[in-house]
Structures are given as C-alpha cells and as structure tokens.
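There are 2 protein chains.
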Amino acid sequence: MSKVTPISGFPEFLPSDRIVEQHFLDVIRETFELHGFASIETRAVEPVERLSNQGEDADKEIYAVRRLGAPADEKSDLGLHFDLTVPFARYVLENAGKLAFPFRRYQIQKVWRGERPQEGRYREFAQADIDIVGDGTLPFHYEVELPLVIADAFSKLPIPPFRIQVNNRQIPEGFYRGLGIEDVASVLRIVDKLDKIGADKITQLLTAENGPALSAETAKQVLRLAEISSTDASFVEQVRALGVQHEILDEGLERLAAIMTAANEHAPGLLVADLKIARGLDYYTGTVYETQLIGHESYGSICSGGRYDSLASDGKTTYPGVGISIGVSRLITRLFSQGLVKGSRSTPTAVLVALNNEDERADAMRTAIALRARGIPVEVAPAAAKFGKQIKFADRRGIPFVWFSTENGAEVKDIRSGEQVVADPATWTPPAHDVRPSIETPQLETPQENS
Amino acid sequence: MSKVTPISGFPEFLPSDRIVEQHFLDVIRETFELHGFASIETRAVEPVERLSNQGEDADKEIYAVRRLGAPADEKSDLGLHFDLTVPFARYVLENAGKLAFPFRRYQIQKVWRGERPQEGRYREFAQADIDIVGDGTLPFHYEVELPLVIADAFSKLPIPPFRIQVNNRQIPEGFYRGLGIEDVASVLRIVDKLDKIGADKITQLLTAENGPALSAETAKQVLRLAEISSTDASFVEQVRALGVQHEILDEGLERLAAIMTAANEHAPGLLVADLKIARGLDYYTGTVYETQLIGHESYGSICSGGRYDSLASDGKTTYPGVGISIGVSRLITRLFSQGLVKGSRSTPTAVLVALNNEDERADAMRTAIALRARGIPVEVAPAAAKFGKQIKFADRRGIPFVWFSTENGAEVKDIRSGEQVVADPATWTPPAHDVRPSIETPQLETPQENS
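Chains B and X, in that order, give the protein sequences.
Going by the working numbering, the letters in the first sequence line up with residues 1 to 451, in that order.
Going by the working numbering, the letters in the second sequence line up with residues 1001 to 1451, in that order.
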C-alpha cells in the first residue's frame, strides 16, 4: 500500500472546519427553503455527450467514469457532472410531467472539474444553486428575485461585505450591433478579460487585423461601455450618452434598470450594474450575475449565474430558466486561508460525563440520555482515567463542560472558568451559546478567554 | 442529443420524496450529533489500490475515474469510493496528528458500486456512518454504544419495527477451532448463506470432499451454533450446552453477553444475539451488526457494521475501530415502494402571496419578507393571474395558505378548509405542523382531509 497523501484539488476538512462548512450549508439551505425553493439532488453522473460543448475548455476537464470490471472495449459514456445547472436542465426534461411550473428548486452537491488546482479552484467542490424554470415562458421578475435570495443568505453568514455585479448580455450585444459589429461573441470574449489584462491590451485585441478589426473609435466605444457601472439605474443615462441605438440594447437597459430599481427598494447598494460582466458558460442568454467579496476582488466571483433560455428543450417545449450558484467551497476556503472564520470546538459535544470507575458507565449513560433528551450533545468518557486526564480529553476537543458524580451527587464544571455547580441531569442546561459549536470570526471579535 | 432517460441504478427523487429523504437525514444527523459524533466528509475518490482487495467481488464493482483530457496512455489510478469506512480509515491515517483519539465521527455521503441494479441495490446510494477509532487500543464498551445510537435515531423515524442482530466473529471462530476445524474462513463463508439456501444444502457443502470435508457430526455442531439466537445473554448457555471449548470462543461469548446485558438495560428487546451473522466485508474482526425491518426480512439488512482492528495502520500505529452504517437510500426506497411514507407537500412553501396586479409585487415581496423573518417559508405568485389560477398554483404543490390583499386589508385563506381570516404579516403564524412539510405514514394514520 502506498503512503497516504492528499490528492491535489480534492480538499478535505478537519472536524472544526467542517463545523464551519456545515453552518454555512445550514444557513444557505434554511434561507433557500424560506424563499420556497424545493430541494432536489441529481445523480453524480451524466452521459458525457450531455456534459460536452457547454464552454470552450469544459470538455477535457470532464471526469469520465467506468467500471473496472467493464470489458476493455466498452466505451465509457458517463462522466461526473461539472456543475448543477446542466443536470438540473436534464432533470426538468425527464420529469416535466410530474413537476409544477414555474419550478423553484435548490440543489447543494459536489461537482467535479479536472482543471489545474490552485487556491479557490478545486477538482471537487460544493456548490449551492437556486434556479427557477418555467415551461415555455419565464417571467422576468425572477431575475430580480434571485440576487435578493442570495443577499438574504449572505446577510446571515459571517463573511466580508460583498457586492453582486449584474449585467444583461443584451446590453453589450445590442450596443455592439448598434456600432455595426457583427462578431459579437468574439468582442464579448475579449472584453471579459478587461480586469485581467487592462484597457490598452483590450484595445489592441479589438483593433487587431486578425481579430474583430474594429476601428479605433469603435473599440473606444466598446471600452467606454465596459467601464460603466452604477449602484442604481443611472447607468442607463451613461450608456445613452454614448449615443448608440439598437432595440436589443433598449430591452437590455430596461431590464437591468428594473432589476436595479427593485433591488434598491429591498436592499439598497447591494447590487452593482457592471456592464463588463459576461460569464464564461455559453448557455446564458440575458441577465448575468457575479459576486465579489469586498477586499478580495482578485479572488474572483464566489457566486455567479444568469438566465438561460434554451438549455432545457425537448424539441417541443422549451424550459427557460434563471439560476445562481454559491461556490461554497471557494467561499469558505478563502475565509479559512485568510483566518476569517473558525469553529469554536472540534465536536458537537457540549458535555463530557466523567467516570470515577468503569462500574459507573451504565449510570453515566443514563445521565447522557437525560441530557440528550433536552437537546444537549453529550458523550461519556472513554475510560475511568484520572480526573486530570478526563478534563484534558474535554479540553483538547473544546468540550466546555465536564459532568462528575461526587459524594454529594452530580456536579458540572465549566472547564474554561473552573466554576463547578451541583446539577440535575433532568433540568441542568448549559448557556444557549454553548449547546452547539459556534462560528468564531477572529478578526472581528475580541478573542474569547479560554482557560 | 440523445433522449433523456433514467440511468439504471442511479435513482433520483421528485421533490416530495426528497423532503422525506431530507427528514431522515436531518434526524440521523441530529441524533449522531447529540451522541457527540463530529461530522467529516471525505473526497469521492481514492487511489484504486486502496479500494481494492476488501472483499471478493468488490474490485470489479469499483468505478474508475479519469479526465477525458488525460493523455491516452495515462493510467487511471483513482476510483469512486464504495463505502465510507475505507476512506475514513485513510483520513485517520492522513490526519492522525491533528485528531484527538478516541475519535468519534459521522459521515453522510453518496457511495458508488457498479453492481447489478435491483430493488434496494443501487450504483449510487447514500450511507450514514458512525465510527469510533482509537490509537493503539479501543475500549470494548463502544461496541455496546453504537447500536444504541442507531436505535435512538430509528426510534425518531417513521419506520417499521426493527431488530439489530449482533454476533462476534470470535464465537464461530473459537467454536470451529474447538471442533478442530482449520479453514475457519471457508466454513464461515458457507454458513453465511444459511438464510438463503437452508440447512440441508449447508450440510452438503460443509461435508463435501472438495470443501471443508467436515464429518457429519462436526457439520451438525456448526449448524447448531448458527441456529442459536436470543434477546438476552441466554445464548451463552445454549452454546455451552454444545460442549465445545476454546479460549477465543470464551472471549467472544463474554463480549457478546456484555453487549446483550448492557443493551437490555437501556433498550430491552432491541438487540438479538444471532450467531449466524457474519458480514461480507473482510475487514471486520470482532462484533458484527445487521439490522432487519420486521416484516421485511427478505429485503436484507438496512444498517450494518462491526469492529475492525487492522483497517487503519501506518506500520507503526494501528487504529482499531468500530462502526455502523445506515443504508439511507436502501431504507427509504423500501418505504417508498411499500407506500409507507410520503411528504405532505412538494415544496417548503407554507404561504403563497397572491397578486391582484403586477404593481403589487413590491408590496407582496415585503409581506413575504415579514413572514420569512419569523421562519415561515413564503413565495410570491408568479403572475397576477385570476384568483382561481393562483389558488390552483398553491394546491398543485400542497401549499396550505394563500395570502390576499383585499379592500379590507390583508387576509389569509387555508385552501384546504376554505377558511379565510384577516391577517397581519408581522404577527400571523400558521399552525406549527403547517410551517414545514411533514412526513405522512399513510398506512398508520387516518388519511388527512384535503379539499
């Protein structure tokens, strides 16, 4: 057997970090459910042909899956899903007759991409998606609603301030068409690199003879559009001031303005209309979203999505959708690497029941049962060791309370303060914040005393 | 694109069944945490060589995983895990320096096995495992504790009565050695088929010249042992009455008796000492568990495990463990197929806020926010359609309440009873059992009225 080593790109957490991840997943799930999204899970595998052709580099990043016992010439035609949108679109087609539309679902699962691992880019990672899909049509107002759901979830999580950047692909498309540009997709792809390579380089690429070959003035206009952003609907005036006219542009501006106006009514300043946002995946057709943590802009988006009008179609009916996906692994590994969050202990246990001798185990189990019946996580000491050793057992795990049976009856010690009180397993309760592990934000709080 | 069809062995649930699955997973998780088990998740993949050689048919059932973009001659050396015990053992070795022992963990994840799909046997399925691992040694009392944790979880779930069958592999091993049998493993493997093929066939196999070639009297003794079972420690006398002596047998009997005695103190009748239980996986070395739903015995075990003393070893230190795994997918698909459980609705939503016209959407969203702030799942109607259509929208999903704004202010209608009352979004609350979807057990309850 080879030595045990981590596999690059497949992160695993120690228990105290997993407690943080669980807290994030619980808050996200709870928020999604409060907004009426139903949970589904899809299988990990899809036919490879369904996974293919969703974006330029996606194909070679797909993990193919094949039984070791399969005949050598049997083609492997299944692959692990690389996102949750493509499987969801397939699920909708497969179950259309049994679902009620518009169908709101959330999905929290692992996905796999064979790309080169680096900070925030993993080969296995968790995503938390919400999508709303209609049959035939999908009202526009859902494009306003989704980022508000995300904002609601994020407002309950211990994360840095964030901004959700919104655009509508119709804006650059209509604007480019109004400028007489024909190869809209190539120009979009170049502009998408603005943050990475800067305006000068973008101008070179846009005007290059072997590229879109735009005139200097047209390229300037393209850049002017990409540089527009606003936290309200005032971006419309800025675009109008550029003097370009096209009906697709008008529609895109109207829709993005409606999103900004509605969002500002419910969550002022949360959304930024940012006209350079495009998204890499090919299936988006209208509104697109990205999300930055303020102060961590170079890390890229931690929550993205958009509207897709033709991803799910069975030839007869089309199921247009809009969705947004929280990159849960991306988000929390950033918080861990920056020391922004940690779990208060490495176990759910709030109380360790100590033993004077092994004969007390049955009694100790009864004490544990009585405490658990009132929702208090408890374990019994592994052995009737010296008290110092049993307290050390609790301390190493961050278990705050140790329960003793003494000549005077049961007593419980807060091992942080040393305070010890008489206690009845039928009634004693730890302070509410000690019942479950909590999430600490070391850079925001005064460090807790820990004796 | 080929037609969308299910993939055999990869079950997916509709939203109302997923609500049942989530309830089961929540209860299991909550129980595991109350007993002080810390959550971990391991990556989906392990090196194939670590997955291999854990049981006779396991190898060819492993799914190998390989990037589509990998060079054609690159060996695929990763596979999807087929259980959660082997990855856990690897995790313990990898993180031994950072874990506190004995380490109690739970793990709820999908696993994959490329076996022939049939009812209750899937290629992708969810398991919920608890294990306790020590460094160097592991106290015996954990073998008593684990089935009590499972019983605690099951007692909170809407499932048929169940029995946990326990054995200790030392009992047949010591007994066989006491009889002078040398090839203990072969005899165990034959006896393991007793329920399937019956005593006569077992006798033939045991006495066959090209098999263990036992004498008729020895084979009879082997069968007598396998037929012993009791709900207390009285199995010991039954074994003693067979007159076989061996120190390994003595140790096995003592341990199993201790489990039965302790279990009967906390949960009388829950455990059955059943001396034919052996388990297929090779890594078990002592106590083994299986669990039957009473009335569904032919379905096989829905929760199994045991003690493994040498699965995790780095050459210097051995980490003995004991674990038990709930076959969550196996369990709930049985309940579904027998019509024993269903979700009360197909969405978390408890209240649909109806619209008189689209201009009311902002107000409706404020109503929704006010209700959600008090933990009530709400969605706003997709469109200002006729009221009948909006009520039908709620009815199709099982949403119990529809919120209207009328000339007299806000009112809320229970669409099952038709009752409609004046309501304030800041204070109105649905009955507690309507806030979240509930799990119905159609064969146990009077059917609910549903207008």
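Treat each hint with caution, since some may be false.
Unchecked claim - Cβ-to-Cβ under 10 Å is the rule here; a few derived chain X residues that face chain B:
| no. | residue |
| --- | --- |
| 1 | L1242 |
| 2 | A1383 |
| 3 | W1428 |
Stated by the list, open to error - If you want a taste of the chain X side facing chain B, the calculated C-beta under 10 Å gives, among others:
| no. | residue |
| --- | --- |
| 4 | L1014 |
| 5 | G1036 |
| 6 | T1042 |
| 7 | E1046 |
| 8 | Y1063 |
| 9 | G1069 |
| 10 | A1072 |
| 11 | R1189 |
| 12 | E1265 |
| 13 | L1270 |
| 14 | V1421 |
| 15 | D1424 |
By construction, these hints were calculated from the structure, which means they are not laboratory data.
From the three backbone atoms N, C-alpha and C, an ideal C-beta is built for every residue, glycine too.
Quiz item: Against chain B, is A1072(X) within 10 Å by beta-carbon distance?
Solution: violated (12 Å)
Quiz prompt | chain B contact restraint on G1069(X) - CB to CB distance below 10 Å | solution = holds (3 Å)
Exercise. Hold the hint about W1428(X) up to the distance rule: shortest CB distance to chain B must be less than 10 Å.
Key: This hint is violated: W1428(X) lies away from chain B, its Cβ roughly 16 Å from the closest one there, beyond 10 Å.
Quiz item: Is the shortest C-beta separation between E1265(X) and chain B less than 10 Å?
Solution: The hint holds - E1265(X) has a Cβ within 10 Å of chain B, the shortest such distance being about 6 Å.
Self-check item: Hint status (Cβ of L1270(X) to nearest Cβ of chain B, threshold 10 Å)
Solution: With a closest approach of 14 Å, the L1270(X) hint is violated.
Practice problem: Report holds or violated for the interface hint on V1421(X), using the least CB-CB distance to chain B and a cut-off of 10 Å. | Solution: Violated: closest Cβ of chain B sits about 22 Å from V1421(X), beyond 10 Å.
Quiz item: Against chain B, is T1042(X) within 10 Å by beta-carbon distance?
Solution: holds (6 Å)
Exercise. Please verify that hint: A1383(X), Cβ, nearest Cβ of chain B, below 10 Å or not.
Key: Check passed: Cβ of A1383(X) comes within 6 Å of chain B, closer than 10 Å.
Quiz item: Given D1424(X) as an interface hint, is the shortest Cβ-Cβ distance to chain B below 10 Å?
Solution: Violated, about 19 Å.
Exercise. Mind checking the CB of G1036(X) against every CB in chain B and telling me if the closest is under 10 Å?
Key: holds (3 Å)
Quiz item: Per the CB criterion, is Y1063(X) less than 10 Å away from chain B?
Solution: Constraint on Y1063(X) satisfied, holds at 5 Å.
Practice problem: Against chain B, run the beta carbon of L1242(X) and see if the smallest gap drops under 10 Å. | Solution: violated (31 Å)
Going through the hint list in order, the structure does not satisfy hints 1, 3, 10, 11, 13, 14 and 15.
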